[in-house]
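Chemist: Here is what each chain is made of, one letter per residue.
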Amino acid sequence: MKWEKKWIFGAMIALFLFVLPWIYDSRSTLILITQIFIFAVFAMSYDLLLGYTGIISFGHAMFFGIGAYSTGIGLMRNGETWTALLYALGITVILCLLLSHVVGMLSLRLKSHYYAMLTLAFTGLLQVGAEKWRSLTKGNDGFTFHIPEFLMDRKIFYLFSLLFMIIIFLFLYQLISSPFGKVLQAIRENERRALSLGYQVVHYKVWANVIAGVIAGLSGMVYALSLRFINTSVFAVDITLDVLLMTIIGGVGTLLGPIIGAALIETAHEMLTELADVHWLFERWIILFGLIYILVVLFFPKGIVGTWNEWMKKERWKKWNRLGL
Amino acid sequence: MAIWLNLTVNGLATGMLIFLLAVGLTLIFGLMDVLNFAHGGLFVWGAFAGIWLFARTGSFLLGLLFAVVVGLILGWFMERWIIQPVYGNHMQQILITLGVMLVLSEFIKVIWGPNQLSAPTPEWLAGSWVIGGVVLIKYRLFIILVGLLVFLLAHFLLTHTRMGLIVRAGVMNREMVQALGVNIQRVFMGVFMIGAALATLAGVLFGPYSGVIYAEMGLEYAIFAFIVVIIGGMGSVMGSAFASAIVGLSGAYVNYLLPDLSLAVNMLIMLVVLLWKPEGLFGTKGVKG
Chain A
1 MKWEKKWIFG AMIALFLFVL PWIYDSRSTL ILITQIFIFA VFAMSYDLLL GYTGIISFGH
61 AMFFGIGAYS TGIGLMRNGE TWTALLYALG ITVILCLLLS HVVGMLSLRL KSHYYAMLTL
121 AFTGLLQVGA EKWRSLTKGN DGFTFHIPEF LMDRKIFYLF SLLFMIIIFL FLYQLISSPF
181 GKVLQAIREN ERRALSLGYQ VVHYKVWANV IAGVIAGLSG MVYALSLRFI NTSVFAVDIT
241 LDVLLMTIIG GVGTLLGPII GAALIETAHE MLTELADVHW LFERWIILFG LIYILVVLFF
301 PKGIVGTWNE WMKKERWKKW NRLGL
Chain B
1 MAIWLNLTVN GLATGMLIFL LAVGLTLIFG LMDVLNFAHG GLFVWGAFAG IWLFARTGSF
61 LLGLLFAVVV GLILGWFMER WIIQPVYGNH MQQILITLGV MLVLSEFIKV IWGPNQLSAP
121 TPEWLAGSWV IGGVVLIKYR LFIILVGLLV FLLAHFLLTH TRMGLIVRAG VMNREMVQAL
181 GVNIQRVFMG VFMIGAALAT LAGVLFGPYS GVIYAEMGLE YAIFAFIVVI IGGMGSVMGS
241 AFASAIVGLS GAYVNYLLPD LSLAVNMLIM LVVLLWKPEG LFGTKGVKG
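For the record, the sequence lines run as chains A and B. For the first sequence, this note's numbering begins at 1 and goes up steadily by one. For the second sequence, this note's numbering begins at 1 and goes up steadily by one.
Pulled out of the complex, with its shape left as it was, chain A reads as follows (with noise of 0.2 Å):
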């Protein structure tokens, strides 16, 4: 019963959203909650790592920028084509598999913090990477480029945008209710108890890793269509840490939460960004967000969706114990 219930409201909210262009018609608008789909996909990958692996990555940002860069660089050398397109795709998902297999077989194996560091070190020689190959990448200054005609329409792209959105959510929510996804949460929740019982713990953590990078790829990529400009900030320090905020306040360990924070982080930064014509200090937002995130950290660790779950768990614990159950 609670299980259909979940589903028709979900599905209610997704068919709203597919009709709110055509009821309120805002440019502003539309751009940010398209901006906000892409985050949560992003988000989402991140949290199959942090919140359902248990793995801290502080580099996510460098398959975020990887897919943003191969379709930026595709469509600009081989001209606006669906088939450019599809090239970049492919060129993303090959290099995202390859990164994200290597560093995971490297650092996996050893303490969180390896992987953590490591990741971090990747996305800086990345972003030095993208700033010297200029003949390639154009370095700082970035370039524009043109996407195929199709989704120049920013109601399509909106459209695209959400399917996007919903199809990697299923796809997720499939995954990590299959064995392998239990098998994820049992490490999180035990490492050696889940080796002990005879998983391949090191094998799982690596896919759990390289399946996140490849969705994070492919939010670069629709993030840098939904520009249709791209410099080295794809590869900046400030994108991971949204996505961590994102994830974090939203709720780790579930998938509405990356999704809610997602909606939050980025209104939030739309907000501070028209607030910095009032004050000098609200171009400082990313301490407002820093101490924010330390705060969450301490007392909140589980989020908006994870505190209301919590509290939801209480309150029928307490309609039965009223029942004299």
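Hint data in this document are derived by calculation from the structure and do not stem from the laboratory. Quick reminder that beta carbons are idealized off the backbone N, C-alpha and C, glycines included. Any given hint could turn out to be false.
To be verified - Sample of chain A residues at the chain B side, in silico, Cβ under 7 Å:
| no. | residue |
| --- | --- |
| 1 | L30 |
| 2 | L32 |
| 3 | A116 |
| 4 | G124 |
| 5 | R284 |
To be verified - From the derived model, a few chain B residues whose C-beta atoms are all more than 12 Å from chain A:
| no. | residue |
| --- | --- |
| 6 | A126 |
| 7 | L148 |
| 8 | M193 |
| 9 | Y214 |
| 10 | Y253 |
Once you've looked at the hints, dock chain B against the given chain A.
Modeler: The following block gives chain B in isolation, referenced to the frame of chain A:
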């Protein structure tokens, strides 16, 4: 020949700065399993605070001293209010120190503005000596000297004093030291503060070395320090010193031969170490998860 000698001096100077950062990182990690991602933030704070006072008073030594004091205070504050509440929870520790890192480097921009500041070389260290046709820049030699002093002092303290004995024992087995009646908590507080002070010292020394200081340099140099700690082995001061020299020198040489690969070469060394000896060259701690 002269160019190679110069490159060696440059590389060693860079290596010493990285060593000052890494030594705190490695000891803090060894003792309490805390990987302090905010270490780079301390580096920037040292640079700005020290250079600011230097510009005000004209005394570089006063700037150095001030940076060290700032490091001690920030270290105390971080350990007490940020690290202590999350002891024992690795995930929270790693996440929270990254947050502190960002807050620290953004506060720099609030206080000193978002632009980079120029950091002049103090007069008594400006210029260079010419010995047998080789030009040796005084300030770089000064950095190497300070780094060597810190290394020798740290080595002496760790091997010849009771405090050092406790620290070394704590790195090997924290619970056992605690069971023997040592207040390991206080030891850790001390090590954390000293580590923070060394990071700020590195920051202020870096100022005149590069000529400019900027808020983002914290993360850049923290990445070098992480690479050093991985190569040298977590918890080992000797390893950090050795790895810093390797990273500094290889950076300098490769920067001269193939400028585009200077960061990549350090990453490459790190990857080789991770594959071949994941506990690091001088590692004493277990590294398996």
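Chemist: Now, for every hint given, state plainly whether the structure supports it.
Modeler: Hints and how they fare:
1. L30: At 30 Å from the nearest chain B Cβ, A/L30 fails the 7 Å test, so the hint is violated.
2. L32: At about 24 Å, which exceeds the 7 Å cut-off, the nearest Cβ of chain B leaves the hint on A/L32 violated.
3. A116: holds, 5 Å
4. G124: With a closest approach of 5 Å, the A/G124 hint holds.
5. R284: holds, 5 Å
6. A126: holds, 31 Å
7. L148: holds, 27 Å
8. M193: holds, 20 Å
9. Y214: Consistent with the label, B/Y214 stays out of reach of chain A, its closest Cβ about 15 Å off (over 12 Å).
10. Y253: Non-interface label on B/Y253 holds, nearest chain A Cβ at 18 Å vs cutoff 12 Å.
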